[in-house]
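Visitor: Each chain is listed here by its residues.
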Amino acid sequence: MYPTHGLSNGHHGERGGTFMDKRLGSSRRDRGRSRASRGGPRDSRDLELKTPPCTDFDKAYFNSYAHLGIHEEMIKDRVRTDTYKAAIMQHQTYIAGKVVVDVGCGTGILSIFCAQAGAKRVYAVDASDIAVQAGEVVKANNLSDTIIVLHGRVEDVQIDEEVDVIISEWMGYMLLYESMLGSVIYARDRWLKPGGLILPSNATLYLAPVTHPDRYNDSIDFWRNVYGIDMSAMLPLAKQCAFEEPSVETIAGENVLTWPHVVKHMDCYTVTTHELESVSTRYRFKSMMRAPLHGFAFWFDVEFNGPTVSPSSNVTATFPESSSNDHPIDYCQRKKRPNPNEALVLSTAPEDPPTHWQQTLIYFYEPIPLEQDQLIEGSVTLSQSKENARFMNIHLEYTSGGRSFVKESVMR
Amino acid sequence: MSKTVGQEGYIVASESEEESREEEEEEENWDDWRDEDDEEEASSGLLCLFCDQYFGSCNPLFDHCASVHCFDFQRVKEALSLDFYGSFKLINYVRSQVAANICWSCDRMFPSNDELLTHLHETVDVKNIKQKLDDDTYLKPFLQEDSLLYNFDDNGGEDDCPVVVDKEEFAVELNTLGVISIDCENFLDEATSTSMPIDGCGLKGDASVSRNDLDAMGSAKKASIDAANVRAQIGLSNGKDKDKKHNSSSINLAANSVRRVNDSYFGAYSSFGIHREMLSDKVRMEAYSQAILGNTSLFSGAVVMDVGCGTGILSLFAARAGASKVIGVEASGKMAAVATQIAKDNHLWFNDKPNGSDNQRGGIIEIFHGMVEELDGSPQLHPHSVDILLSEWMGYCLLYESMLSSVLYARDRWLKPGGAILPDTATIFAAGFGRGATSLQFWDNIYGFDMSSIGNELVEDAARNPIVDVISESDLVTDPVTLQTFDIISMKHEEVDFTASVELEPSSSLGANESAIKCYGVVLWFETGFTSRVCRETPAVLSTSPYTPKTHWAQTILTFQEPITMLPGKGSNINERLHTAESDVLPAEKIHLRVSIARAPEHRSVDISLEVAAICFGGKTRTYPVQIFNLS
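The listed protein sequences correspond, in order, to chains A and B. Residues 1 to 412, numbered by the UniProt record's numbering, are exactly what the first sequence covers, in order. Residues 1 to 632, numbered by the UniProt record's numbering, are exactly what the second sequence covers, in order.
Calculated directly from the structure, the hints in this document are not laboratory data. Check before you lean on any hint, since a few could be wrong.
What the hints assert, rightly or not - Distance condition first, Cα-Cα at most 27 angstroms in a straight line; then the derived DSSO-like pairs of lysine-lysine: (1) A/K76 with B/K518; (2) B/K344 with A/K76; (3) A/K139 with A/K85; (4) B/K416 with B/K130.
One chain only, chain B, in its complex shape (with noise of 0.2 angstroms):
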């Protein structure tokens, strides 16, 4: 726990100091030190602001505050322009807040520590806290013992090269020369004007340092700001310094919370990448534009609910387009968070007059943080209220993890009779793919040698597992046909599991003299459709097929146990050329496919059953087993 995977920054004292222990270890001014250390391991390390991360210094603590929590303990400290005290001071009122479950800039309390680290946002009124910090009694330390108050760098962040100076020395050094202010910039000028080795440095001598392998320089000068540090400590806290125990309740009660707070670190940090990806499939993006802000007179005005509304992307495109209420819905407490705070951000976007910021449409856009099954809760939310549903909830293959359901339920709670869902059609489609777009060719000459055992072996595995991944029109070897179609306007929650029976044909680009092909499986692809009903001024169409350009979702590739030889021609001299297809089975007209997608039981996940049966010339049919994929 002391140590804090990919965190970067100053090298520090604790760290340096394992290096050298062994060196070290008969100068007994560092007893106290390591005795602690081999207590308590946590103890080397400082105690992030906000969560119960240990970080070996001060830069990868503030990095981590400043990217987790929103806390840039630099940009603070300069836009109130801090001085040490006052810095100080920062440290021991942010941890007091966090203590209290309130936020350090607005003072919002919430009723558990989860939720308060869920909720950040950049300084909003740095007066206030500066007021705040007039007040002397933050000159106490909150924590016992808190590390960060000895060793946060008082200089901008441009010279911390930390080390370990040993604070007994300092406390009976300082007591000694009854100085309680020393002047930290003649300590630095000092140390840099005559580079002398650390030792020499004006600290007469007695200051025990940790050499590690910076250059002196750096180490005189973070040693000037250390024993600021430390004064600054013993004469704040009565010696304290010397008990060198850590208030252990307060551990214990960071250990207890950290597995909570990874979870929803992790859950936000795994879900990051999509969200690029998301956003920058043009496809989906320019879509879902088109629909939104080509349709003002749809939106002008209206009531809009945004189900998972991820960054809140098209949230702020529904406001754009006119909106005078946008609702987003987001499960995931830290992107909830995020889509608040780019709200926010770009809350000038809703200023229909170019200047006054109090005249600005702000408020528009609510981000509500939980499922959309949950917000019956919500006063400001009434039934049936809603003029617009918004959601982008497809999924692989449409229904892999989608919000469908969700969009449903949303739909029956709180649209209005009539209200508008977009998109209010998705469309599921089949067709018959060739050998070209498995792996054989390639297997089948390996550096002149055979391979085609693996090729077959890719193949065989491909029958069991759908392999999702960007297939190639010229790859088709039959017309696609539609699968299925859902209105999401009229459709029942049920009708989200389906079966569908269709038949591929040959590609009609194929002439009637063209020799057999190989039909080696099917692919699956969806489109979602804006239609005219809803969006009257410009409709859109949001296709992931093979003939458009690629989108995030790809495709979702179906194998066969073994291919289907087809003869294309629709039967036109269908006997001689049955006689030249070299095949030892009847090649078929057509494939008979019955297609089932139902929702798994394992969460969100689907299965696929795919019946195949190959209809030969003279009305002959061939069946091959049931194959069940499941897409997780």
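Bound conformation, chain A alone (with noise of 0.2 angstroms):
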């Protein structure tokens, strides 16, 4: 309900855009994502653990989570809020009596579950403002024997002892916006004891070709007739507002042309955060209808495995740029991967409940059409912005029908 500074897709206009995002829907601000612990844009390739330093990026997202009427939409998605306290009690036999480190712990709800399990012990570490707020909750509900709230950053927080579970709730748009993986990584990496638990256990990103006809035209013919007039000279502007940057909204599962392909996924046990520099992957996709292709859309999901089991290793999407000349390899056919362990999935998919996440999409200015079966191919890669650190790049190119494409675009 409250007021958030940020960008929402242009749609936001000399008449004071701070206050016109919460009522166009999500501002992308809404749910800005700390890189602060990425170890720093620039020094993120030494493995070792040095305490990058805290930059003005860093503490704008840290202010943007002060403001409270962000952790109220986290809060208020009961897939999310839902699917970690299911996770947590899940795993209340490992919990109980350990120790547990949550990672940007916002209000400290997650904390608060981990004490319910029968943590022994709960550092909830945030870096922005909301971190007093956490411990005035903790302390209204007879938790602050269990719960120790730290403000500031894991680099900074001083935490005397190993961990045995990390919590952390770090997605952001299209998994790795803003993410706050990097300082689970650090957290990991410092504190956590061999055979540890890190809720949730593995991340996906994923890819597909979307047909959206609804959302192209009504961005497009609005202007056509406005109370009876031709404004068709907005055109123009209005599909260079409309596509030219990543939009963020939900859309359904039929609006998905095939099956999905992973762009990356995770292992947040083995993940570096070298890796999270860039990521780059080759698909293909054949249309299992025949429909206009109007862009892609990302979407995640998480899962939320116990310690003991292994890893998953066999999906392998990620590609050194070096090797984008090589052939395409296989593409997912899978939604998911197989379960077996009935661990818990927090997914962000068109199909599933929707989420703050939603999805993100990215349209062109001019649809494809496809025929059924028609191939869709070509490579994408997600970098940081060097214009802005806190930004993304999105290099997407694609092939069809003989006719190929580059599309570059920015998350802000």
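Join the two chains into one complex using the hints; note that each chain is given alone, in its own frame.
Guide: So, in structure tokens, the structure goes:
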């Protein structure tokens, strides 16, 4: 309910974008995510536990989380909160009597769940001023003996013991945008005991071609007849405004043209910050229907496996950039990897109940007509923007029906 | 600069080259290209025909030209049925026009590139251009080393899968062959029918081609097209293709104006969303359309000025209502251009007679680019010559970022004595709201845990920062009161800033025996009136209240530092009920508010000061510290 300071795909104007955001749906800033612990953009290659400096971006980012409205939105996202709660309860026997660190604790809700599950001690860490509120909440619920709120970056706070469990809700839009995973990695390498538990245990980012005539036409056709007046002159501007940048919105399963491709699978026990700097993959889709291709959608899921489960390593979807000329590998035909352990999954897929992450859409200026079984192939590279380390560059190449395109967009 | 954010288009030579640079390193043929790239990053891109953006390939460039500069290359090409040379000349023609700050389609001259770029329209007279393109001087590349001339797609945009073709190789090749004219179609046919790998597609195997990840057929087609392009370049520029140095002066020139272009571009871009939002605001649109279209006797034959016309929708309404002349004034250059175009596109709307385009009432709408305060130089406009002043000037809380002072300026300068202003009144209202309008309830119980401390923090924060949001009628706990009324026809400029004192009383809908209520703050909203003073046929009201359908203005929420307990019922059984009211403080009978709204030092933002006093039963008054809200 509170104004947030952000950009929402150009949908705000000189008349006070500050206030416009919430009425127009999600502002991306609603859910900025830290790169505090990404090791600082430039020295993250360094795998040692070197403390990165807190940049102005980080400060702005942490400040954005002091706005409580964001936390309301996140807590109200029942898919998110219920799944975390269920995962904590599922691993209750492991958590009971153990030491937990909650990376980016926010209001402290996950720390409280862990305390409820019988944790001996929970370190709730958040660099944002929300930590002050988390402290109040802990007190109000008589959990001060169990939960220790630390107001500071994971890189800066002092915890004088090893921990058994790391819990974190670190995922950003399209998983990696402003994600806090780097902080989780830092905490893991610094405090986690061998054989410890990380929740969630792994994460997967998906890509799929989508058709969305309603959205496309709504953005375009509006201008053809405004109260009986032809405003087609606005069309070029309208297209640019509507389709130049990635758009966070909710689509339905039927908008997706075929099985998704795994852009990146990450095992939270082994992933390194280096891997996150640039993610690149080749894909190959076969449209299951005849429809106009309007763009691509990204979404993700995370799993909550126990510590004894050996990390799934059968999915290899990332390639060094140098191999981009190789033949495309087989794309993932499965929506979800087999899950023999009945691990809980928090999914943000279009066919699953909507979450505050929604999906991230990249639209084309002009749709591409697809026949059934028509191939769409190409590559996608996600990397940190040079312009502003907080931004993510999305480089999409796609070829279909003998035509090839490149779309560069920036998630701001 | 060589890469532009957010463009899409065909895979381009320069990019695939970058990727495969390492692999290609040993190929000597590439030396020239690579050296050049290392020296001058921008040289790997294609320069926009109009501004100084660079693009990796033709299609994003042409998309950009179409969307930003209203120059649709393919459409013009098709309209003129241009062949390859025609297209080649078209590019050079447009570049030469732009360099002279002359519009490519209407020949209008502008004092600067910036102004040229804000002037845009669809092709008006294609024939005129067709004639110009007959001039063979445009066969000469206007820019030396214009990469676009090598790369533009000569095949209707259907097979544009470019690959890099070494120009020198082709030069040698073509010179050897002594061929200046090659039938492109034959190349295509041969390439496609054989689907041969690129190296064997009939280019004597000497073409050095950077393989990207495209299918071979597309590559082959494009290779042949490039061959044609390269040939053309060689044939027409006397082998200048070997001169790898870019025209640095033109690049510098381009760089100099990049920022200015971006400014104007982003200005328009950022305001785009609001135009759609405003036009989608049914309450707003219906009030204005009723006030304008419902009062044709007022508008018939009138001279109308639309202050801050935006897309020009109100000007178009006015024209439709019978105005003889409408002057739209818009400060944003881009929007002024768009409004002009929309007025043109719709000129049949103003045609009384269904036939005969000559007979149309064209020229009704004129759009002035500038602030209304800058109109004085205009020769067509005489002071006090406007019959009706029309404007949608209202901002959040009426006055935030509002153009009211501009409207008053226009009134004093341009309106005839006794002329009409639409809307002619504006009123700000206030009412108290209860707990339901806050987030407190939400935080009381989160998954069984008490997070009310966060709710309290939120209320504290809201006591410092105004919130613009939609409030529900059911969350109001007092009756609404009028805070301030403006008579736009007679008000003075300094009256835009005001202080008003009002008293809020518990909602009259609350029964005499209701228990105490808590008022958490006040919500402000406004109404503008198109009253029967001016709209005699059909008066109208535009209301942004919580009692009527929501608008894009929503309401403005000012939260008290602490809630004030009120007891409804006008004091009936008061003593008895005072005992039952569970409160350590005496409940209030009413709340006294003193509200000042003033323009803040920062342009277009407003400061709202709020003084609150609880007037308790028995006459005691409890005052609270002054709160200052900045709406920015």
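Visitor: For each hint, tell me whether it holds in the structure or not.
Guide: Checked hints:
no. : hint               : in the structure
1   : A/K76 with B/K518  : holds (26 angstroms)
2   : B/K344 with A/K76  : violated (49 angstroms)
3   : A/K139 with A/K85  : holds (20 angstroms)
4   : B/K416 with B/K130 : violated (48 angstroms)
Checked against the numbered hints above, the structure breaks hints 2, 4 and satisfies the rest.
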